[in-house]
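Undergrad: Build the complex from these two chains, which are given one at a time in their own frames, with help from the hints.
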Amino acid sequence: MGIGRRKGDLSFYIIMVAPALLFFIIIIAGPIVFSLGLSFTNYDFKPNQIIEFIGLDQYIRIFQDNKFWVGLQNNLIVVAVSVFGQIPLGLILAYLLFRGQVRFTAFFQAMVFLPQVISTVVVGILFRNFFGIRGAGTAIARVLVEDPKFNFTWFLQRETAMVPIAIALLWIYTGYFMLVFLANMQKMDKGVLEAASIDGANEFMIFFRIMVPAMAGVILVNAILAISGSLKGFDMFFALAPNDGQGLGNANLVLPTYMYHYAFRPQKYAFGSAISVIIVTISIVFIMISNYVGKKLNPMRER
Amino acid sequence: MKKKVYKILTKTAVYSIFLTFTAMTVYPMFWLAYSSLKTNFEIQKNAFSFPAALQFSNYAFAWKYGQMNSAFINSTVFFLFTIILVIASGMMASYVFAKMPFKRTSKFIYAFIGFGILISTHSVIIPLFILLTKMGLTNTRTGVILTYTAVNLPLAIFIGTEYIKGLPDSIIESAFIDGASNFKMFLNIILPITAPVMVTIGIVTGLAAWNEFLLGFIITGPGTRGLPPTIVAFANPRTPNYHLQFAALMISVIPIVTLYGIFNKRITKGVIGGAEKG
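Same order as they appear, the protein sequences are chains A and B.
Under this note's numbering, the first residue of the first sequence is numbered 350, with each subsequent residue one higher.
Under this note's numbering, the first residue of the second sequence is numbered 2, with each subsequent residue one higher.
What the hints contain is simulated information worked out from the structure, not anything from laboratory work.
Coverage of chain B stretches by chain A, computed from C-beta distances (three or more under 8 Å per stretch; other residues unrestricted):
| # | region |
| --- | --- |
| 1 | 119 to 125 |
| 2 | 152 to 160 |
| 3 | 245 to 253 |
Straight line, CA to CA, 25 Å or less: simulated SDA-like cross-link-like pairs of lysine to any residue:
| # | chain 1 | residue 1 | chain 2 | residue 2 |
| --- | --- | --- | --- | --- |
| 4 | B | Lys266 | A | Gln458 |
| 5 | B | Lys8 | A | Val451 |
| 6 | B | Lys5 | A | Phe453 |
| 7 | B | Lys185 | A | Leu371 |
| 8 | A | Lys536 | B | Val200 |
| 9 | B | Lys5 | A | Gly449 |
| 10 | A | Lys581 | B | Ala234 |
| 11 | B | Lys104 | A | Leu371 |
| 12 | B | Lys270 | B | Pro193 |
| 13 | A | Lys395 | B | Met136 |
| 14 | A | Lys581 | A | Gln422 |
| 15 | B | Lys5 | A | Ile441 |
| 16 | A | Lys617 | A | Val629 |
| 17 | B | Lys270 | A | Gly566 |
| 18 | B | Lys108 | A | Asp358 |
| 19 | B | Lys104 | A | Pro368 |
| 20 | B | Lys104 | A | Arg355 |
| 21 | A | Lys356 | B | Pro102 |
| 22 | A | Lys617 | B | Pro223 |
| 23 | A | Lys617 | A | Tyr392 |
| 24 | B | Lys108 | A | Ile573 |
| 25 | B | Lys166 | A | Leu371 |
| 26 | B | Lys12 | A | Arg448 |
| 27 | B | Lys46 | A | Arg477 |
| 28 | A | Lys581 | B | Thr134 |
| 29 | B | Lys266 | B | Val200 |
| 30 | A | Lys645 | B | Lys108 |
| 31 | B | Lys185 | A | Ala367 |
| 32 | B | Lys46 | A | Ala488 |
| 33 | B | Lys108 | A | Gly357 |
| 34 | A | Lys416 | A | Val629 |
| 35 | A | Lys416 | A | Gln616 |
| 36 | B | Lys12 | A | Ala532 |
Note that the structure is a prediction, hence the values are computed from the model and not measured.
The beta carbon of each residue, even a glycine, is placed where N, CA and C say it ideally should be.
For reference, chain B alone in the conformation it holds in the complex (with noise of 0.2 Å):
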């Protein structure tokens, strides 16, 4: 008897704590999700009533007067070009360190490209901003895509490597005696059964892509900007406009959370499997 009040008591405990933790990660969510439907007055009037009336149309004022529209499509172009260079770029580095000899090359390489990984992007943003500036390239989208390409390459090409040396070799070695060209070998038999892990690459960069806000806000200008830093730009706290701040924030939210809601055990595997192979 004593037992079991115990086994309630903890069971209550344990639920509590986990429903207390999702409430503080999906409230200020929900709140932002209805609070950006309301007029600026309600929102200042009271911070808990839901909209009287859907006001979609702070969507269409934060999308007009915060440049939502380039934003976007810059967003989207990172997104997709950063994922395409990353896979393409990272698969083959991949493939070579993990397969092919020169082992030692690939060692020392691969030693050097991982230390990226835990190096910070900031460190690099005077340099590289005069880099870009000298190559013309500040203030233009290839900029974006190819700085996103470089700080995104490391981990993706640990990912693929530890992945890669996880393949029995007997698959390649077969498809060497039946005379395969090194190409023919990469592209016919080892993309194909890399596809999982090309998939968790693209998750992983693709949502640093997307989410990225410092290196896509100093090497841009207003026309070639991302969604976050046109937001960081727009929800300026100086402003008390909140119905379109709030507005502009789910912007960049729905998209992200539309893939995360279809795609959940994915996204979740691929950032942590990053972590995982420690």
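Chain A on its own, in the form it takes in the complex (with noise of 0.2 Å):
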């Protein structure tokens, strides 16, 4: 540890953190540990209210509804299409980009990336538009199924509510994975994949055999940032799925949507509290994996 210690450190230090920290404990950790406590009332912060400590019983109402479990089937969902569609189809393209198939890289680069550079809410209206009874892709679906009145109603179905958030969601993110994928890719050490193509390795070969096993760790912790931010999306779930989690609504539903339409909005603050501590407790949950699998992998990059 290079720099020794001096007179008026330990001042400087204080100052120094003092304001991130304080940002971070009001505005970000404090309010976690007070919703935690606020779980185990009934205080809806409703004037007049006798508040009283009800232990476990807003968890077992969340438990018994019916919504709750939609939500978080969902989520999984939306979990799975992060895992098995963004990353893998993010680690293809950034492939073929790498070993130079394609001319125009950066304009493809651009391109693809795009999206994440627009407000999710934007985005989620604009693909609720171009799927819509005016929009530009059902009019090219029109033609494909000869259908001059074909609408999707996808939306519109219990099994196949969460199809156009899947897509919307590989729309926006793929081009984001192969971008990291990418970068990855570009400092690792080229001449073994020369060498695999001297020696007479087609590209299938070199990507199962080489590629993948190289990237384990970058896939694996981008898995993982996948995974959180897909519990982390709100925006758009709720810009897809605007209608108030009513009827047909709930197909759609997520654990955040479903806080927000079941507890924010009602004014249930302590029942929703115990929606927020449900959803912090799933993303530790995956962060200490993600720690653990991550120290497994990679033993001698202790900090």
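TA: Dropping the structure here:
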């Protein structure tokens, strides 16, 4: 640790850390702890309400609520789409770009990345309109199926309610993962790849035997980021399924929208706090798994 | 000969994959752009057709009826102040985490704040809403700026700390030998050489602040909302004024896509940079 301690370092240290730490504690960490406490009560911040400690009652209500399970199931679908859709697709696209199979790399990169910079909620509304009754997506589909009255009704059926969301997620995030993988591939030692080509390995073999193993760590880290990202998403679901969670809208609830429609809006704050505690707990479990697996894979990289 | 045919076939396949993918990202945007200049009747009649005459008045109407004026100003204010606060407080913390003594304390606080990268923001909406209400900060721009700052700090500190860790200790040591104080050291030596990472943090934070929806939606009212919540309220599926909806969407998209057009390499690098470290 090169730099020794000097006089006045402690006060300097405190001054430098204080702003960031205060922001974080007051606005993120404090509220999380607070909502943990709140979740064991019935207190919804209504005037003259008698505050009671009711133990796990809020959690029991959640677990008995069918809509919670729909939300959880849909969240897991989103996780699956991220891990088994975005990441493999991103990896393959990155590999194609990396191996120089395509010219205009910069152009394709820029285009594929474009949805990333736009507000998710705006992308969601665009998507909804594009595949809506007046949208070009629907118009293209009408030509393809030769039915001028064709409409997308996926949202209306329980089995397919998540399909449009899955497509939208692939559309937005695949480009992101492509670029992350590409950046990592470019840091690789090219000698191995060249040697393999000279030995007559074809692209498929190089991809599966060399690239995928070499990228294993990166794939894992990004899988974890994708999982936590899938649990964090709200805007896309809100924009694509703005029906207030009633009736048909329930088919595409995820946990965050479930909390919003059934706890925040009706001002059942204690109930909602219990839902956030569950979401945070799921995230923490994923973070712990990620740390564990990460350390297993990379024992040398102790910081 | 056979090999050549095979090569051409793969090339064609690969190109069609990329062209399809590009078309999938670009076409909806392009469609939105030209549809926003059609009349509502034209949109309803034919989804593909180009506008007969460019209806720039759509933008004027959307701007007026959607209250885009205040939304645009608010978004710009959120964007600028969040960037400034995140860079300032983030770089301060990053420097001491990376280079100062008290390593144990640093490690602990760093891990604690780092947690914020993975925790979802919607898990704090209820307590945060209550807190800001009690503090009288709901429906104020200050409330939004403070919230956005806190939400974006963890990633900023992660990017900043990892960057400064990579700088050689010798720079700092020699400055101390020359008699620099801690503050002078930070202001005159560290800040100038960390300019690239401040740009990265600025990009990541700026994009997030410009595009954020949920927090900016729940803690604000009509006069203090930024663009995304305003557009959501305006582009309601129940109002079939497609031309105005599309113009409203474009009002949010145009500035960011323009910036992306100019700084596309930097932005891509910045956003990827956060994940690359892993």
